[in-house]
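A.B. asks: Residue-level listing of the chains:
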Amino acid sequence: MSRTDPSRGLLVSPIRNGTVIDHITAGEALNVLKILGITGSTRECLSIATNVESKRLGKKDIVKIEKRELRKEEVDRIALIAPQARINIIREYQVVEKKGVEIPKVLKGVVRCPNPGCITNTREPVESTFEVLGKGLHCLYCDWLIKDDIASHII
Amino acid sequence: MYHIISIRDFERKDLDYLLDRAQEFDNGNYRPRMLNDKLAALLFFEPSTRTRMSFATAMARLGGRWISVDSVEASSIVKGETLADTIRVVSGYADAIVLRHPKEGAARLASEFATVPVINAGDGAGQHPSQTLLDLYTIRQSMPVEGINVGLLGDLRYGRTAHSLALALSLYGVTLHTIAPGGLEMPASITLELRERGMEVIEHENVQEVLRDLDVLYVTRIQRERFPDSASYYNVASSYRITPDLLDGVKDHLMILHPLPRAGEIDPAVDRTPYARYFEQARNGVPVRMALLHEVMK
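Residue numbers (the numbering used here), protein chains in the order written: chain E, 2 to 156; chain G, -15 to 282.
Careful: at least some of the hints might be erroneous.
Going by beta-carbon spacing under 7 Å, a handful of chain E positions derived as facing chain G [said to hold, decoys possible]:
1) E45
2) C46
3) L47
4) A50
5) G118
6) C143
FYI, nobody ran anything at the bench for these hints, they're computed from the structure. Ideal placement from N, C-alpha and C gives every residue a C-beta, glycine not left out.
Looking at chain E on its own, in the form it has when it is part of the complex (with noise of 0.2 Å):
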């Protein structure tokens, strides 16, 4: 892709230090975002783009987040919105380190249980904690399944 050729596609500048989040399910860039606590008042420089043409996925989107590399928890709950997405790390402009998300058997503190008589909505030291099923994901506390809109509930 070159900068200067705009009918070659996507004119999104490569970034020297950070993540490049790619292969995100169409639609999900904003949601991907919110699970990484991005919001407008964070300092992070962004660059989104959305339903771009993909030979993988029709259509996808990207995100690429300059000076933060992702920890592999932040990764983790990208999986539940976006499986298919691969997060390359890149420093000095070269991906040093390519890696595509996996599901945890286990998501602890990634979700709020939507169940308000749950005992991990209250104040006690616990943190929410879900096993994910082909099903959807099973509260280990309260037996609530999530089965749809996860990206709502994520903390």
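Chain E is fixed; fit chain G onto it per the hints.
C.D. replies: Then chain G, alone, in the frame of chain E:
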């Protein structure tokens, strides 16, 4: 350490073992001072009559003693203490903790902070495993549980005893018939889980259409606070009331069970029929809880 938190933690052989143990206690096959040197803490942060008294009775019958908290108002919870702290403190006093709490998952949390065994005596709309064991025990006294037809009638949405019992029955090849007012149906996630466990679950509009096929009818309380006004409550409650007339033509061995307290779901005239087994069921709370207390403290 052995905690009793949720029926989901049990396999059929575990349930059968505990029921066999309860039978031995019921038959008097035990030493009266088996828990002579043991102390149980009964922490009841929600009202309870039967459960609390039967745990206390079970301790007393085994020669043990108990200490108790009977309300949130009388405890440090009002001073802002967390349940986790309460459990850590009480672990230092007693050999086992029996917990009733309004929040779902409270017993699981307690088991993580306790250094002594925890028995869940009901957590919010969640689990109530000792009730389920005594329900199974009562059924088993009259018939083998395997392959029978069980009807669950009443509030199947919020009624924790119905959820726990259905999960346990799914281990016994039981066919489950659910009969619930609109809005109080069994949560879809539980029905799905039961079917995944291989259970046949059949939903019915009214109890008449299935009553004659049932071996056990388990009635639960329809709580007035679930309805917007008393008129709609009485409307629904009266259409789910079991009366002697309804019982014409039922199987001779039909058992009607209810975790009690009842509101108006069962006409008192039913008490005089041979089908009414709910008081016997309540009595069975003692041997079943003796078995549980002994199991966790032995």
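A.B. asks: Each hint: holds or not?
C.D. replies: Verification of the supplied hints:
The interface hint given for E:E45 is violated, since its Cβ lies 36 Å from the closest Cβ of chain G, which is over the 7 Å cut-off. Hint status for E:C46: violated, given a least beta-carbon distance of 41 Å to chain G, over 7 Å. Checking E:L47 against chain G by beta carbon gives a least distance of about 37 Å; that is not within 7 Å, so the hint is violated. Checking E:A50 against chain G: minimum C-beta separation of about 37 Å lies over 7 Å; hint violated.
For the restraint placing E:G118 at the interface with chain G, the shortest Cβ-Cβ distance is roughly 5 Å, inside the 7 Å limit, so the hint holds. A cut of 7 Å between beta carbons decides the hint on E:C143: the least distance to chain G is about 4 Å, and the hint holds.
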